[in-house]
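K.L.:
Chains G and D, in that order, are what the protein sequence lines are. FYI, in the numbering used here the residues of the first sequence are 156 to 297. FYI, in the numbering used here the residues of the second sequence are 1082 to 1231.
Derived from the structure by calculation, the hints contain no laboratory data. In this text, all values refer to a predicted model and were calculated from it rather than measured experimentally. Wrong hints could be hidden among the right ones.
Stated by the list, open to error - Ranges between beta-carbon positions, derived for each pair: (1) G/188 with D/1125: 19 to 27 Å; (2) G/227 with D/1231: 52 to 60 Å; (3) D/1117 with G/286: 19 to 27 Å; (4) G/247 with D/1139: 36 to 44 Å.
Claimed, not checked - One-sided excerpt, in silico: chain D residues whose CB lies under 10 Å from chain G: (5) 1121; (6) 1127; (7) 1128; (8) 1135; (9) 1146; (10) 1149; (11) 1152; (12) 1164; (13) 1168; (14) 1174; (15) 1218.
All residues carry an ideal CB built from backbone N, CA and C; glycine is no exception.
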Amino acid sequence: MATGRYVTDLDQGDVLGPLEYTMSKFVVREYCHANELHQDCFQNDVKVAPPTLVHLDKLRLYKHACPAGTGPTARVHYEYDATIHAPIPVGVPLRVKGTVTERYEKRGRQYVIMQIDLNTAQDDKPLITYRDTVILAYKKAD
Amino acid sequence: MSAQLSVGTQFRLPPRLMTRERMRWYVDIQETVQQDTGRIVTQPPTIHDDDAYAKKQGLPGIISDGMVSTNWILSLLVDVFGVDAASKGRLSTKYIAPIYEDGVVIACAQVTSVLDNESGETVYGLDVWCEDGAGKKLTVGTAAVHKRRA
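This is chain G alone, in the form it adopts within the complex (with noise of 0.2 Å):
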């Protein structure tokens, strides 16, 4: 288990979560209005959150699981590969979970990718599943 300290610990098998928060209308407005989404259904007639928003789970879950931060290198994001089984509500509590499905070096980078489910809390509906990957330093190792 490499939970418990930095982002960049992160290996294969780690379980981050779950955790549980509700969605609201300020977080999905000013998501979308820091991405220029700028349609009704974002800004003003408000019932879901764009799809998207289930990547700020992965820092939620990290902020959790690496209490100690990002680590000696900052991460750069290489994938969103996001399936939507339903919209996400607002109003409504969501569980979020992470797992640590691989972890690998190519070309002198470290690979991380992660699988984030997200359902509601209540029933466990799914709504989103999730698969980040990042790259865990630019810079190529010597």
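Starting from the known structure of chain G, fit chain D onto it as the hints suggest.
P.N.:
Okay, now just chain D, sitting in the frame of chain G:
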């Protein structure tokens, strides 16, 4: 509009510059979302908003977070398909080239398949990408949108 979409139909957003401000908006929204206090929260330096920190990490300067590109692609899909683009389906993006400060970014999508299913949905398969002003691809991926039939 969706009833007229067929394989090969292409959409694109107008070109945008990946300004320092746009990069910082994404940096600051991350902690803002975590804290959810009704206020904007700033973050410590990152490779997306601090030149010195980015150079220390081996980069020539600040680079955009890939999720900005992904969200611009999502925005294009929502413009075309409405909220259904955020409700059921898939979006997959890979960041194949860094986007530096003031780089031109154009979000694009092209329909690759159209299929009616038994759930009353038309499922659109798409190639999605972001390109620069010269047509060089920066982000590539695929999407599936389940559009409810009227």
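K.L.:
Each hint: holds or not?
P.N.:
A quick look at each hint next to the structure:
1. G/188 with D/1125: 19 to 27 Å: Between residue 188 of chain G and residue 1125 of chain D, where Cβ atoms are some 22 Å apart, the hint holds.
2. G/227 with D/1231: 52 to 60 Å: Given range 52 to 60 Å: holds, Cβ gap about 55 Å.
3. D/1117 with G/286: 19 to 27 Å: The hinted range 19 to 27 Å holds for residue 1117 of chain D and residue 286 of chain G, with Cβ atoms some 25 Å apart.
4. G/247 with D/1139: 36 to 44 Å: holds, 42 Å
5. 1121: With a minimum Cβ separation of about 7 Å from chain G (threshold 10 Å), the hint on residue 1121 of chain D holds.
6. 1127: holds, 7 Å
7. 1128: This interface hint holds because 5 Å falls under the 10 Å limit.
8. 1135: holds, 8 Å
9. 1146: holds, 6 Å
10. 1149: holds, 6 Å
11. 1152: holds, 4 Å
12. 1164: Given a least distance of 4 Å, the restraint on residue 1164 of chain D holds.
13. 1168: holds, 4 Å
14. 1174: With a closest approach of 5 Å, the residue 1174 of chain D hint holds.
15. 1218: violated, 15 Å
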